[in-house]
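Protein chains in written order, with our numbering: chain E, 45 to 555; chain Y, 33 to 413.
Take these hints with a grain of salt, some might be off.
What the hints assert, rightly or not - Partial chain Y-side listing against chain E, Cβ under 8 angstroms, derived:
no., residue
1, Ser287
2, Thr290
3, Lys299
In short, the hints are calculated from the structure, not lab data.
Just so you know, even glycine gets a beta-carbon here, dropped at the ideal spot from N, CA and C.
As a plain string of letters, each chain reads:
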Amino acid sequence: MGNVAIELRNISKRFGSVVANKDVNLSVYNGEILSLLGENGSGKTTLMNMISGIYFPDEGQILIDGKEAVISSPKDAFDYKIGMIHQHFKLVDVFSAAENIVLGLENEGKFDINAISKKVQEISDKYGFDIDPRKKIYEMSVSEKQTVEIIKVLYRGANILILDEPTAVLTPQETQKLFKILRSMRDDGKAIIIITHKLHEVLSLSDRVAVLRKGEYIGTVNTAETDEAQLTEMMVGQKIDLNIERSEPENPVDRLEVNNISCVSREGVKLLDDVSFTARSGEILGIAGIAGSGQRELLEAIAGLQHLNDGQILYHNPKTGDVENLRDKTPLQIRELGVRLSFVPEDRLGMGLVGNMDIIDNMMLRSYKKGRTVFVERKAPKELANKIINDLQVVTPSASTPVRRLSGGNVQKVLVGREIAASPTVLMAAYPVRGLDINSSYTIYNLLNEQKKKGVAVIFVGEDLDVLIELCDRIMVIGSGRITGIVDGRTAKKEEIGILMTKTERSDDNE
Amino acid sequence: MSSKRLAQHSEPLLHITKRDAMVWYKGVIIRAIAIVAALIVCSALIVLLTKLNPLDVYSEMIEGSFGTERKFWILLQNIAMLLCISLAVTPAFKMKFWNLGAEGQVLVGALASAACMFYFKEVRMGDTLPLVYEAPLSNAVLIPMMLVASMAAGIIWAVIPAIFKAIWGTNESLFTLMMNYVAMQLVAFFIMVWVPNGSSVMGIINPNTESGWLPELFGQKYGFNILIVGLLTVAMYIYLKYSKQGYEISVVGESENTARYIGINVKKVIIRTLIVSGAICGIAGFLLVSGTNYTVSKDIAGGMGFTAIMVAWLAKFNPGMMVITSFLVVFMQRGAGAIATTFGLNQSVSDILTGIIIFFIIGCEFFINYKVNLRTKHKEG
Numbered sequence: 045m046g047n048v049a050i051e052l053r054n055i056s057k058r059f060g061s062v063v064a065n066k067d068v069n070l071s072v073y074n075g076e077i078l079s080l081l082g083e084n085g086s087g088k089t090t091l092m093n094m095i096s097g098i099y100f101p102d103e104g105q106i107l108i109d110g111k112e113a114v115i116s117s118p119k120d121a122f123d124y125k126i127g128m129i130h131q132h133f134k135l136v137d138v139f140s141a142a143e144n145i146v147l148g149l150e151n152e153g154k155f156d157i158n159a160i161s162k163k164v165q166e167i168s169d170k171y172g173f174d175i176d177p178r179k180k181i182y183e184m185s186v187s188e189k190q191t192v193e194i195i196k197v198l199y200r201g202a203n204i205l206i207l208d209e210p211t212a213v214l215t216p217q218e219t220q221k222l223f224k225i226l227r228s229m230r231d232d233g234k235a236i237i238i239i240t241h242k243l244h245e246v247l248s249l250s251d252r253v254a255v256l257r258k259g260e261y262i263g264t265v266n267t268a269e270t271d272e273a274q275l276t277e278m279m280v281g282q283k284i285d286l287n288i289e290r291s292e293p294e295n296p297v298d299r300l301e302v303n304n305i306s307c308v309s310r311e312g313v314k315l316l317d318d319v320s321f322t323a324r325s326g327e328i329l330g331i332a333g334i335a336g337s338g339q340r341e342l343l344e345a346i347a348g349l350q351h352l353n354d355g356q357i358l359y360h361n362p363k364t365g366d367v368e369n370l371r372d373k374t375p376l377q378i379r380e381l382g383v384r385l386s387f388v389p390e391d392r393l394g395m396g397l398v399g400n401m402d403i404i405d406n407m408m409l410r411s412y413k414k415g416r417t418v419f420v421e422r423k424a425p426k427e428l429a430n431k432i433i434n435d436l437q438v439v440t441p442s443a444s445t446p447v448r449r450l451s452g453g454n455v456q457k458v459l460v461g462r463e464i465a466a467s468p469t470v471l472m473a474a475y476p477v478r479g480l481d482i483n484s485s486y487t488i489y490n491l492l493n494e495q496k497k498k499g500v501a502v503i504f505v506g507e508d509l510d511v512l513i514e515l516c517d518r519i520m521v522i523g524s525g526r527i528t529g530i531v532d533g534r535t536a537k538k539e540e541i542g543i544l545m546t547k548t549e550r551s552d553d554n555e
Numbered sequence: 033m034s035s036k037r038l039a040q041h042s043e044p045l046l047h048i049t050k051r052d053a054m055v056w057y058k059g060v061i062i063r064a065i066a067i068v069a070a071l072i073v074c075s076a077l078i079v080l081l082t083k084l085n086p087l088d089v090y091s092e093m094i095e096g097s098f099g100t101e102r103k104f105w106i107l108l109q110n111i112a113m114l115l116c117i118s119l120a121v122t123p124a125f126k127m128k129f130w131n132l133g134a135e136g137q138v139l140v141g142a143l144a145s146a147a148c149m150f151y152f153k154e155v156r157m158g159d160t161l162p163l164v165y166e167a168p169l170s171n172a173v174l175i176p177m178m179l180v181a182s183m184a185a186g187i188i189w190a191v192i193p194a195i196f197k198a199i200w201g202t203n204e205s206l207f208t209l210m211m212n213y214v215a216m217q218l219v220a221f222f223i224m225v226w227v228p229n230g231s232s233v234m235g236i237i238n239p240n241t242e243s244g245w246l247p248e249l250f251g252q253k254y255g256f257n258i259l260i261v262g263l264l265t266v267a268m269y270i271y272l273k274y275s276k277q278g279y280e281i282s283v284v285g286e287s288e289n290t291a292r293y294i295g296i297n298v299k300k301v302i303i304r305t306l307i308v309s310g311a312i313c314g315i316a317g318f319l320l321v322s323g324t325n326y327t328v329s330k331d332i333a334g335g336m337g338f339t340a341i342m343v344a345w346l347a348k349f350n351p352g353m354m355v356i357t358s359f360l361v362v363f364m365q366r367g368a369g370a371i372a373t374t375f376g377l378n379q380s381v382s383d384i385l386t387g388i389i390i391f392f393i394i395g396c397e398f399f400i401n402y403k404v405n406l407r408t409k410h411k412e413g
């Protein structure tokens, strides 16, 4: 291990009354990979944003190569050879890789694609990237875009690299490739910080792990001397059982039958292509796939929010035994048919809830039409709000607090609580644990499991393959709007799902 | 990469951070400070420009609004009209439908009332003196007819852009704005038709029988205007806060996606809300003709359709608060007018004062939503 590349002393940062970081002390050495571990909202990204010049610390010092540094803009950060690769890429879509890489550099007059390409090639060869400098960003896969971001900071001579949740959008195979590159950069003497909350990645990649909890620095441990249980305890502050229970489905019957549905966007892109599957009562059907492969459209089609060009969605009513076609019905018509369909959408505050309304008014979203008068009835929603706050331990000053003021986990509890309160027969949840801390995530898994035991057909769209494999009875893999396979959750391997996730893309290339 | 250049970087002087929810009384204090600061700046300006004692000027402003009983009732009347139009734009704005067409909607409402009065105007009976006039319709028939006609006209003017927005997604701001000009020309056209002498000024209609005039109430000329607007204020408050339709308006305004998700028919809500909005604008037009001017002109709305947007917005679309904000705006306009006449000042001076005060009132919202932190000295590590 080399010298200290960057040292943080007593760094604090506040946003209003929220303390994002409090007295954080941290050192990173040249030639090491440090994982910055912590739950969502623990202040990891804020801390790194202060190093990369996006925020300025309220208190404390940053030392680079032993000298105090003042980083008040991203440009200063570059001058200190710090480069950050953000979770959401900051690239210009219509520019080529090379143009994005040199964008904002003030030197050497003319744009010389050959000279840039040569330098990009040198960097690529050195660390094992594979990139075409002339390719436009919009033609690239997520993993290629990430490569451009990494080369961009290396091109600027970055010595300290910060990667914010770099594997969130990658398939298992792409993750392995990225790790290989990161290791070769480490061996070249660079200091690398990766922000993550995935424990198995921390253990397989990093040399040391620094843990933050609620904005406070908890400690740093050598990866070789620790395990998942200890890291979780540091992260959460208490011991946690990391196993998700999975019961055998009881008398599963077909509840929702999707037959050959297709849907085309306004621009003529096929969002869903001949999708067929069956969701059964009393089981959890997982849906895996790279983000944006048609998961959202699929759920919205079932919920009556997406116009279909072809196919049918059949609902088997458990009470009457009737079979209803839900295609092209509005959410209201679906409910009037007696179909108890609950939907926890991906966009919680933009679709599932109204951020500026309080918990009571958000409960009313599903029930405001009840009653014969022209006035809304607030008593039942108020009782429901208080019941959910008690049952799911929602942390909120009161039931009349706007939901946007709640933390991510509590927002999700309010939403899931409301959807479950309608005693559904089909429950769809899109990324229900995204951004949630470990405790809240397990609360949500338990709620889904409870519904499963009650005989609800649960459809769970997830991004963490480990969770999907532990929780779901069956896992359906979707790639570019097509179903590429349905596997048994009890026997599936992560690699197998990873291959299915990218299958359609490959067959497209061959066409 | 010289370390010299790096050493020059220093912490920015000001940080601006968003505030959390503020205790209500702090908000009141900040607004009070803003008004006091505005008055101080105005005083300085008055002394500088006119060498008058600012205290005299301010007392004259108060005098101008509250000085006599008559002035007080005019103040109330002006507040009522501005408040009425503010109430009209509120449901649309709450739905984030940027209705800039209140001016035009009020105008066509006024035109409809005037048309009813004109086509059923008083007729002279015989040629003998004293002249005797008779109205063809009794007020019990004519006034309700005018009200309905005005509301219908306001609704038509508001619902046209609403339908285009709901079905084809056109830009409602431009559309409603353009409709104002159409309304203005329409009024000008009808006055030309009704007043053939080419003066393009419509005199008072039915001056003898007062047919189609709202009667006095509580012995006051404007009694009915004030009562009707008062009732509308309460009704709008209840409509927005407690009715199912009001709830739908809030949801559509906050997030159309959420509205779709729970099965609200967004198109229907947009059109229905603009019907409400247009109808109230129509009522405002009716009150301006039947309860105030007894005639129509293309300046009858006097820009209130736009001032109302500011009044509604400052009150955060709460009808109760709008009573206060419309009072504030009308008080300043009347006060400014009073000092202009009393001290023989140019009308521009009062416009400048009004501008300064409104600037401070709106500007203080920034300090209610954000906090400005000065640079703090680094702790030596």
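Hints and how they fare:
no.: 1; hint: Ser287; verdict: holds (6 angstroms)
no.: 2; hint: Thr290; verdict: holds (5 angstroms)
no.: 3; hint: Lys299; verdict: violated (12 angstroms)
The structure fails to meet hint 3 from the earlier list, while all remaining hints are met.
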